[in-house]
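Peer 1: Generate coordinates for the entire structure from the input sequences, incorporating the hints supplied.
So the chains spell out like this:
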Amino acid sequence: MTIDIIFKLILIASIFGLSLVTAMYSTLAERKFAGFFQDRLGPDRAGPYGLFQPLADGLKLLTKEEIIPESANTFLFLAGPSLAMLTACMTSAVIPWGTYIEVDGHKLPLQVADINVGILFVFGVVSLGVYGVMIGGWASNNKFSLLGAIRGASQNISYEISMGLSIIALVMITGSLSMREITDQQSGFHGMNWYVIKQPLGFLIFLICSFAETNRTPFDLPECETELVGGYHTEYSSMKLGFYLFAEYINMFISSAVMATLYFGGYNFPFMHDLGLSQNVVAMLGVGALFIKILLFIFFFMWVRWTVPRFRYDQLMRLGWQVLIPLAILNIIITGGVVLFFQ
Amino acid sequence: MYLLQEIIFVFFTLLTLVSAVYMAITTNVIYAAFSLLLTFIGVAALYIFASAEFIGLTQIMIYIGGILILIVFGVMLTNKVGNQPIRAKSINTVSGLLLSSALFTLLMNSIMEINFSKLPWIKNGLMVSGNTTPIIGVNLMTQYLLPFEIIAVLLLVALLGASLIAGRKDN
Numbered sequence: 001m002t003i004d005i006i007f008k009l010i011l012i013a014s015i016f017g018l019s020l021v022t023a024m025y026s027t028l029a030e031r032k033f034a035g036f037f038q039d040r041l042g043p044d045r046a047g048p049y050g051l052f053q054p055l056a057d058g059l060k061l062l063t064k065e066e067i068i069p070e071s072a073n074t075f076l077f078l079a080g081p082s083l084a085m086l087t088a089c090m091t092s093a094v095i096p097w098g099t100y101i102e103v104d105g106h107k108l109p110l111q112v113a114d115i116n117v118g119i120l121f122v123f124g125v126v127s128l129g130v131y132g133v134m135i136g137g138w139a140s141n142n143k144f145s146l147l148g149a150i151r152g153a154s155q156n157i158s159y160e161i162s163m164g165l166s167i168i169a170l171v172m173i174t175g176s177l178s179m180r181e182i183t184d185q186q187s188g189f190h191g192m193n194w195y196v197i198k199q200p201l202g203f204l205i206f207l208i209c210s211f212a213e214t215n216r217t218p219f220d221l222p223e224c225e226t227e228l229v230g231g232y233h234t235e236y237s238s239m240k241l242g243f244y245l246f247a248e249y250i251n252m253f254i255s256s257a258v259m260a261t262l263y264f265g266g267y268n269f270p271f272m273h274d275l276g277l278s279q280n281v282v283a284m285l286g287v288g289a290l291f292i293k294i295l296l297f298i299f300f301f302m303w304v305r306w307t308v309p310r311f312r313y314d315q316l317m318r319l320g321w322q323v324l325i326p327l328a329i330l331n332i333i334i335t336g337g338v339v340l341f342f343q
Numbered sequence: 001m002y003l004l005q006e007i008i009f010v011f012f013t014l015l016t017l018v019s020a021v022y023m024a025i026t027t028n029v030i031y032a033a034f035s036l037l038l039t040f041i042g043v044a045a046l047y048i049f050a051s052a053e054f055i056g057l058t059q060i061m062i063y064i065g066g067i068l069i070l071i072v073f074g075v076m077l078t079n080k081v082g083n084q085p086i087r088a089k090s091i092n093t094v095s096g097l098l099l100s101s102a103l104f105t106l107l108m109n110s111i112m113e114i115n116f117s118k119l120p121w122i123k124n125g126l127m128v129s130g131n132t133t134p135i136i137g138v139n140l141m142t143q144y145l146l147p148f149e150i151i152a153v154l155l156l157v158a159l160l161g162a163s164l165i166a167g168r169k170d171n
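Those sequence lines, one after another, are chains V and L.
In this text, residue positions in the first sequence follow my numbering: the first is 1, and each later residue adds one.
In this text, residue positions in the second sequence follow my numbering: the first is 1, and each later residue adds one.
It is possible that some hints are incorrect.
[Unchecked claim] Residues of chain L placed beyond 10 Å of chain V at every Cβ, according to the derived structure:
#1 F9
#2 F12
#3 V21
#4 L57
#5 T58
#6 I60
#7 T78
#8 K89
#9 F104
#10 F116
#11 K123
#12 M141
#13 Q143
#14 F148
#15 V157
#16 L159
[Said to hold, decoys possible] Just so you have them, the derived chain V footprint on chain L, three or more residues with Cβ under 8 Å:
#17 30-43
#18 71-77
[Stated by the list, open to error] Which residues of chain L face chain V? A partial, calculated answer using Cβ under 7 Å:
#19 F54
#20 M61
#21 T133
No lab work stands behind these hints: they were computed from the structure.
These numbers come from a predicted model, not from an experiment.
Glycine included, C-beta positions come from ideal geometry on N, C-alpha and C.
Peer 2: So, in C-alpha cells, the structure goes:
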C-alpha cells in the first residue's frame, strides 16, 4: 500500500517536471525551427547552441515589472492565467506513460489515474481550458483582449464538437473509454496495430481540432497580433504573461501525448514483445517510444506554424462547422458500417 | 482513507452550496456566472462520489463546456452598456425566500419519506460496480430507446427553431 502511494507521488512529480521541462525547451525548439525555416540561426547566444535561452527567458519574465491595469478586475485578472496553467497540467493524470514496472513483486503502472472514462476526462479538461482565456480576456477590460477572448471561446466550442465526433468513431472500434485499455489494444501485430491505420479520417479531424484547441497557427486568432495587438493577453506582463505562453506549450505537449496514445499506439513500439527483455526495460523503452512520438508531434505543430498562414475568421468557422462536422459524422457512419460488417 | 474521503466530500458539498448561494445573492452578473461554474464543478464531483463518473464528466462537458460558456458569452457582451455595468438587483426577496423554503421542505420531506436505500432500483444500482458506461449505453439503446429518441427529436426541433429565429431577416 505505502509503496504504491510513494510511487504515485514520485510519478506525479516526475510527470509534472517532465511536462514543464518539455514545454520550456519547446519554446527554444520553436525559435530554432523558426530560424531554420526562415533561413537564419535563431537564438544562439545563451550557452552552447542557445541551450540556456529558456532559463534566460524565464528569468527575464520573472524580473519584469508586474502591471495590473487600474480598470481591470483584479481577482479575475489573476485567476485567468492561473486557471490556464491549472487546466493545462491536469490532463497528464489520465495519460498512460508506460506499461508497468515491477519493484519487489509489486506491479506499479506508469499512470497516475487509470479511470475508466479517461477520454471523457480529457474532454472535460479541454472544455475547462477555455475559461482561462475567457476570464483573462474579460478581466483585462480592454477591447482587444475581449475580442481575443470571444474568438478563443467560440473557436474552442466549435472545434470541440468535431473533436468529440471523431473520438466517437474511435470509441466504436475500441469499445472502451479507458486510455490504458485503448493503448493495450494497439499492442497487437508486434506493437504496430495502431488506430491511425483503422481511423485515418478520424485522426485527421482530431489533429486539425487539436490545432484549434491549443490556439496554434493557423488557428491562433485569439492572439492574432496583426489585428488584436496581443489578443487576450494584451494587458498581461511579467510571469502572468509567462503563464499564458507556457500553458500553450504545455497544452501542445499534452495534446501530442493524447494523439500519440489514442492513434499512434502510445507506449507500444515495434517488436516490443519479441526482444526478450525484462519487463522493466520494456516499460522504460515504451516510455521512450511515447516521448519520441510526442516530440515528433510537437515538431509537426511547429512545422505547421511556420509554414501555413493564419485563417480568416469566417474561414475558420466555415471549416469547423461546414467541413469538419459533416466529415466527422460521415466517418462515424462508415465506421459503424464496417464494425457491423465484421461482426 | 475513510476520513480523507469524508473531508473531500464535505469540501465539494460546501463548494456547491456556498457558490450556489453566492450566485443567488451577488449583484455582479459576471461573478454570478463564474460562481455557477463552481457549482457545476461541485455537483460533478458529487456525481463522481456516487460512482457515476460518466454522468459527472458529462456534466462538466455539457454544462461547463457548453451551456455556461454561452451564458458567460452573453454576460460578457452585454455587461457594459454605455460604461454602466449591469447590476442584478434582488427583488421579491420575501416571497422568493418563502417559495424556495417551501419547495425545499417539500423535497426534503419526500426524500426522507421515500427512504432511498430500500428502493429496488437503488439496490440494483449498488450491485453494479466498476465501469458503468457500457451499461448506460446498452440501456439507452434498448429499454429506454423511446425516451432517448423523443429527447433527440426535441433537441433537433430546438436547434431548428434557434437557427430559424437567428437567421430571420426582418425587412
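Peer 1: Give a verdict on every hint.
Peer 2: Cross-check of the supplied hints:
With a closest Cβ-Cβ approach of about 18 Å to chain V, F9/L is found to remain outside the 10 Å limit, as its non-interface label requires. Every Cβ of chain V is farther than 10 Å from the Cβ of F12/L; the closest lies at roughly 15 Å, confirming the non-interface assignment. Non-interface call for V21/L relative to chain V: holds, since the shortest CB-CB distance, roughly 18 Å, exceeds 10 Å. With a minimum CB-CB distance of about 4 Å to chain V, L57/L fails to clear the 10 Å threshold, and the non-interface call is violated.
At roughly 7 Å from the closest C-beta of chain V, the C-beta of T58/L falls inside 10 Å, breaking its exclusion from the interface. Here I60/L does not stay apart from chain V, with its beta-carbon only about 4 Å from theirs, under the 10 Å limit. Under the 10 Å C-beta cut-off, the non-interface status given to T78/L relative to chain V holds; the minimum distance is some 12 Å. Its beta-carbon lying about 20 Å from the closest one in chain V, K89/L satisfies the requirement of being farther than 10 Å from that chain.
For F104/L, the requirement that its beta carbon stay farther than 10 Å from each beta carbon of chain V is met, with the minimum near 30 Å. Against chain V, the non-interface label of F116/L holds: every CB pair exceeds 10 Å, the least being about 24 Å. Every CB of chain V lies more than 10 Å from the CB of K123/L, the least distance being 23 Å, so the non-interface label holds. The claim that M141/L lies off the interface holds: its Cβ sits roughly 13 Å from the closest Cβ of chain V, which is beyond the 10 Å cut-off.
Separation of Q143/L from chain V is adequate, the least Cβ-Cβ distance of about 20 Å exceeding the 10 Å criterion. Against the 10 Å criterion, F148/L stays outside the reach of chain V, whose nearest CB is about 16 Å from its own CB. The beta carbon of V157/L sits about 19 Å from the closest Cβ of chain V, which is more than 10 Å, so the claim that it is off the interface holds. Residue placement check: L159/L keeps its beta carbon more than 10 Å from all beta carbons of chain V (closest about 12 Å).
Here's how the region 30-43 of chain L fares: 3 of its residues keep a CB closer than 8 Å to some CB of chain V, so the rule of at least three is met and the hint holds. Given a C-beta distance limit of less than 8 Å, the hint that chain V covers the region 71-77 of chain L holds, as 4 residues qualify and 3 suffice. Below 7 Å, beta-carbon pairs count as interface contacts, and F54/L has one with chain V at about 6 Å; its hint therefore holds. With its C-beta approaching chain V no nearer than about 5 Å, M61/L sits inside the 7 Å limit, and its interface hint holds.
Proximity of T133/L to chain V holds as hinted, the smallest CB-CB distance being about 6 Å (cut-off 7 Å).
This entry does not satisfy hints 4, 5, 6, going by the numbered hints stated previously.
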